[in-house]
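Since the structure of chain U is provided, determine the placement of chain G on it from the hints.
Protein chains in written order, with my numbering: chain U, 1 to 474; chain G, 1 to 348.
Source of the hints: derived by calculation from the structure; they are not laboratory data. It cannot be assumed that every hint is accurate.
[Unchecked claim] Quick list of simulated restraints, FRET-style, between CB atoms:
id	chain 1	residue 1	chain 2	residue 2	range
1	U	Thr289	G	Glu161	52 to 60 Å
2	G	Arg33	U	Arg30	40 to 48 Å
3	U	Thr289	G	Ser237	48 to 56 Å
4	U	Asp216	G	Gln228	30 to 38 Å
5	G	Glu259	U	Arg30	57 to 65 Å
6	U	Val445	G	Pro186	54 to 62 Å
7	G	Gly12	U	Leu409	18 to 26 Å
8	G	Pro186	U	Ala370	35 to 43 Å
9	G	Trp185	U	Leu38	44 to 52 Å
10	G	Asp338	U	Asp216	49 to 57 Å
[To be verified] Coverage of chain U stretches by chain G, computed from C-beta distances (three or more under 8 Å per stretch; other residues unrestricted):
id	stretch
11	180-191
12	443-453
Glycine included, every Cβ here is placed at the ideal spot set by N, Cα and C.
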Amino acid sequence: MNFASRGFFIFLPIVLVVYHLLRGREAKFRFLLAASWLFYMSWNPWFIWVILFTSVIDYASGLLIEAAPTPRAKKRWLALSVISNLGFLAAFKYTEFIVGNGLAAAEAIGWPVGEWTVKVVLPLGISFHTFQGISYTLDVYRGKIKAVRSFGDFALFVAFFPQLVAGPIVRAVEFLPQMETPPPVTATQVVEGLHWIVVGMTKKVFIADWLAQFVDPVFAHPGAYDAVTHRWAVFAYAAQIYCDFSGYSDIAIGVAKWFGFELPENFRFPYLAGSIAEFWRRWHISLSTWMRDYLYISLGGSRRGSVRTYVNLIATMTLCGLWHGASWNYVLWGFYNGVLLAGHRLYDHALTGRPWADQMRGALTFRFLAVLGTFFLVASGLVLVRSQTWDGCWLVQQSLAGFGTVDALRWVPTRVPLLIGLVVLGHLFSGLRDVRCGILELPPVLRAATYVASVVLMIAFGPGVSKAFIYFQF
Amino acid sequence: MNPSSRNRPRWGRVVACFLLGLALLDLGIAAFRDTWSAYAPHPYAYRFDACRRGRWDVVVIGGSPALYGLDPQVLAETGRGYNLALPLATTAEVYHAARHALQRPPRLVVYGICASDFKEDRVEPCGPEYLMDAADVVVWGRQRPEAAVWGLRKFTEGRLERAWQLFRYRHGIRRWAADRVAGWWPDAFPETVAEARDGLARAEAWRDGHGFVSPPPGPLTCLDTLKQCGCVQTHLSYFENYHIANYLSYLYRILDWAERSRVQLVLVDMPVSADLEEKMVPRAFADFRACLAEVESRRGLRVLRPTRAGLGLTDADFADLVHLNAAGAARLSAWVRDRIAEEGERTP
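Looking at chain G on its own, in the form it has when it is part of the complex:
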């Protein structure tokens, strides 16, 4: 017998044990997935899951202006509310989040819409990765052929990541380990431990706090103060080359979904800072409002238009140029609740 054939079973055992080890490890990781995801909650995956698992009377959808600006508990009053707004979401992400997460339709859906939701040259990675199924990707690819391959890649990456638990929960595992080590060696990995504590706090807020994240009060969350110290941009490239095209079709899809699901849908035209709307990108907001008015007249859509003057919002109520802070969010949420109550909820 030559040496290589004699060694073969031993070599085979190494490969078999390696693959088996990886598989067992993945099973073990999957068994504790809630722990890992609480340590490193992804704003899309975690909030999407938390919303899908619950039963809600009122759900807020939209991008980051809605995430920071509309408190679902204020809107729901006695019922249960959840804020499913997602940072960086376009109308495409908003549609896919609502359609897949709200399998048990709530009584009322409030869409806090902003001009950035329609901005055509935005292509966000989290939609294909976390919110779309294969059919959604096909539709999305047809509408945006220039980004079809990119979307497919992101979708595939997201699916592959879900298939490998070690990779999927890698950040949570690292933070959990650092948190454990901190028990007997407090100064070992301070940055990772800080990340772990921050993750746990965010997960708790998203899980038990109904998804609403309000920038905490302080000088860093007050546009007034930021302007005084010269910390505010005078030019926002995010809104450059603003035009509306494909993302508008997703607004119609949201309306169709609400009709099909017999959900009461209210749009709130989210207030932004005066600097942004009047000085920096007035045309973008004019185009957006014209477009919204057209959809409103065509579909009989219900749009609430809170204004800064009407609500008494000043720079002190904004965290930055786009987002409200806690004070602004409280004022806007109460105003929206009152308007909905005043006008009476229409039955679809």
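Okay, chain U solo, but in the shape it has when bound:
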């Protein structure tokens, strides 16, 4: 069941009505848990055991960590949780990658390996709920939260359907306190919920799905198109992936509000970032902060000297890349981002505190050029993950750098610049004023008119064929 599907628009009202009609904490939360599991099972009912098993392990680990008498024993139970979560993730997500590369390596050194293919179906949202499980046991281990006594409560924290499939990755410290009593839904939450659902759906159904119709064929056969088309395809993909993923997060945040829950912000106009470090503070915030708090800091962060800091940064981002997908494209993309972050840190440390540099960096022109430069670096990284072949990737990178083929088809439908312009406008309208969404500041009538216009755009002017959210594959 996709957020942009008819099934979801039948499922959601039923769950909302029953949830709000039910009285008492237990009844409400048990029903919400059942609905969340049903939502999960709507893709593949057989994989319910994955989420059940990891929930049981993490729940038990939390209790055992808390009850353990010695730090050594606590560490042992923590290891159980981390290994089981990562083990599941590795088994489902990386088996094909590991086996495929192992066979290729064996073949390269002359070992006869024969015809082997391994096909593993990836359970939906496994990358997200395993990270939630790990963050919970780590927080219990670090003493930030108390272990949850009720399995039902813990299972709901893991499986809460609005964010189950593609985040935001919710921390136990953020979510569990909201579960003490069923949070009452305020009038503000009702309307903000409507706002985020409409905005998220528009981003997904109107912008991302239209752009996909241009991006997909160009990246499938880059050799058939000229350099100008390549450049537009890269910009379009940058806009598409932002609208697709932030659209999902917006819908998740909006739906959660209708149940009275607040989910963390996941995107903050990332293409207004003036540096790669700032970009990662604005893009998939719940993942980048997770990586910082649970991986980068666990590796030592910046506490063990500058060389180690750079190594930690690059290692964290390479693993972040691997989290996104089991292929060398993602590994390279993660490494590329790690190198950019390390480079930015180096440059930042070298210049900070020098009056001329501070003055230059404070200038509006510098900020504008920094935003532009950061965007090109990010876009170049996106080409790594979007390209289907290394040859195609190289071709598009050349075009992005200003070279590339000329004797090929130029195909840029009018809607592509218009849609990209809409994304830029959204960034400028809200991002420059540093508000979460400028529409929320409009007078009621104008706001309502904006929502009506969004509905018209989605229904009458959308492409009509909705694609799965890109982040489902992660």
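This is chain G only, laid out in the frame that chain U set:
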């Protein structure tokens, strides 16, 4: 006063204005529904409406072989004819279309029937969505329990779509907007503008051209040419696992409806290409013809059986394996008109 209670009326205004805006928009869209539906005419909804609104002497019913093969104006001669045949229709769709669209019964109904109308494992979505009422769905569900939920879902979707005008006319609105924009920015949305022009042309043909759609002459509508360039399938999965069961009962319903409405009904066993009938699925056509003969003898039904040899139809008269092209349709329509005239119209 706390801030949230102070803000409440403002929040309420947003929701109220949003809902009111949607309602007003729907009313506005409904006021121009003819415009939207002309830009994106649905072959079922549009033709069904066009037929129901008019008064006709002769109406052709059936599936796509009848849609492309029988010209109602030729059959009606001096009177007014309409072709209500619907693409992909089974006998169930044909029955529901005739019963609901022909509230003012014509003098003569010609059913261009084909083996595919009876094919049991076909379950078409447009029937429940556009042609059936609730009672029809119940009957249909009883006859096909395996597809009852599916049919109910399609019926409900169709009804809900009708309740929300923005959704119902979304394609027409998009095409209309592209057509308007093309006035001052011709290259902006060429594909949508082409769709808009095509929609308008089809709507005009269905509205003013009496519903008959003949494949225009050309190499792509001539089986002969298509065969020469190897563009014809050698295997047609559409007719696989052919057997006759529930859809036969709808033929009896059509006969009952014609009797009740005192409408003259003639069945035309639609000619198909020799390749299809003799080489690819001969058993399907044999079963179909045996079944038709049995109904004919049981109910005294009037069936015309034009043959390729009798009409002089060759591959050059077919658009593909199943459908006639303009030349074939002209020959068949004239032949049917003459046979009906020769035999004299029986009074029911």
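Comparing the hints with the structure gives:
1. U:Thr289 with G:Glu161: 52 to 60 Å: This hint is violated: roughly 44 Å between Cβ atoms.
2. G:Arg33 with U:Arg30: 40 to 48 Å: Cβ of arginine 33 of chain G to Cβ of arginine 30 of chain U: about 47 Å, so the range 40 to 48 Å holds.
3. U:Thr289 with G:Ser237: 48 to 56 Å: holds (54 Å)
4. U:Asp216 with G:Gln228: 30 to 38 Å: holds (35 Å)
5. G:Glu259 with U:Arg30: 57 to 65 Å: holds (60 Å)
6. U:Val445 with G:Pro186: 54 to 62 Å: Distance hint for valine 445 of chain U, proline 186 of chain G is violated at roughly 36 Å.
7. G:Gly12 with U:Leu409: 18 to 26 Å: violated (53 Å)
8. G:Pro186 with U:Ala370: 35 to 43 Å: holds (40 Å)
9. G:Trp185 with U:Leu38: 44 to 52 Å: At 48 Å between Cβs, range holds.
10. G:Asp338 with U:Asp216: 49 to 57 Å: The hint (49 to 57 Å, Cβ to Cβ) holds, given that aspartate 338 of chain G and aspartate 216 of chain U are roughly 55 Å apart.
11. 180-191: Answer holds; 5 residues pass the 8 Å Cβ test.
12. 443-453: holds (count 7)
Checked against the numbered hints above, the structure violates hints 1, 6 and 7; every other hint is satisfied.
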